[in-house]
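Engineer: Using this note's numbering, the final residue of the sequence shown is 182, and nothing's skipped along the way.
Misleading hints may appear alongside valid ones.
Unchecked claim - Derived lysine-lysine pairs resembling BS3-like cross-links, with alpha carbons at most 27 angstroms apart:
1) LYS102 - LYS166
2) LYS181 - LYS89
3) LYS122 - LYS166
4) LYS117 - LYS60
5) LYS60 - LYS84
6) LYS122 - LYS102
7) LYS56 - LYS71
Hints were generated in silico from the structure; no laboratory data involved.
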Amino acid sequence: MCEEEIYSIIEGILFASDESVSVKQIAKVVEMSESTVLNYIKNLIKIYNEDLKRGIKIIKVDNKYQLVTKQSIFKYLNKLKAGLEKPKLTPAMLETLAIIAYKQPATKLEIESIRGIKSDYMINKLMEYELICEVGRAEKIGRPILFGTTDKFLMHFGISQINELPKI
Numbered sequence: 015m016c017e018e019e020i021y022s023i024i025e026g027i028l029f030a031s032d033e034s035v036s037v038k039q040i041a042k043v044v045e046m047s048e049s050t051v052l053n054y055i056k057n058l059i060k061i062y063n064e065d066l067k068r069g070i071k072i073i074k075v076d077n078k079y080q081l082v083t084k085q086s087i088f089k090y091l092n093k094l095k096a097g098l099e100k101p102k103l104t105p106a107m108l109e110t111l112a113i114i115a116y117k118q119p120a121t122k123l124e125i126e127s128i129r130g131i132k133s134d135y136m137i138n139k140l141m142e143y144e145l146i147c148e149v150g151r152a153e154k155i156g157r158p159i160l161f162g163t164t165d166k167f168l169m170h171f172g173i174s175q176i177n178e179l180p181k182i
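Take the sequences, apply the hints, and build the full model.
Structural biologist: Written out as structure tokens, the structure is:
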């Protein structure tokens, strides 16, 4: 194995591991002595920790090593995480969403007649969460808005198409 390949393997191990990894574990994988692996890790630490252009670094935790994000970019990760969080759905939102999912396209009046209560807030919240969207207008008096589910709805519930919903 050449030196570049060893660096790549150690980087890969540290990157793929959810927890810190001991020198002993890495040495066993690359079939080298612990002291040799430790030298490679120390060089990687210099490369990552001193290079201001990188967003990651290697830390030592309880005689083990881990690849982590530099503190300077935490605020950006928090923004990303906020965008990836699943919306919190109340029972009323789920009820409204179920009506739209099974009946789509559905008008607000149809949703409210099934629920027996005004649903403006629920519809607006579901649209804000991008779980439903306007899919057109009904050919009725006043041309009410028709609502349907989105791809984000499918992803949220882990299905690939609407016909995978459980039968009523």
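Engineer: Now tell me if each hint is right for this structure.
Structural biologist: Now for the hints, and whether the structure bears them out:
no.	hint	result
1	LYS102 - LYS166	holds, 14 angstroms
2	LYS181 - LYS89	violated, 43 angstroms
3	LYS122 - LYS166	holds, 21 angstroms
4	LYS117 - LYS60	violated, 60 angstroms
5	LYS60 - LYS84	holds, 14 angstroms
6	LYS122 - LYS102	holds, 22 angstroms
7	LYS56 - LYS71	holds, 12 angstroms
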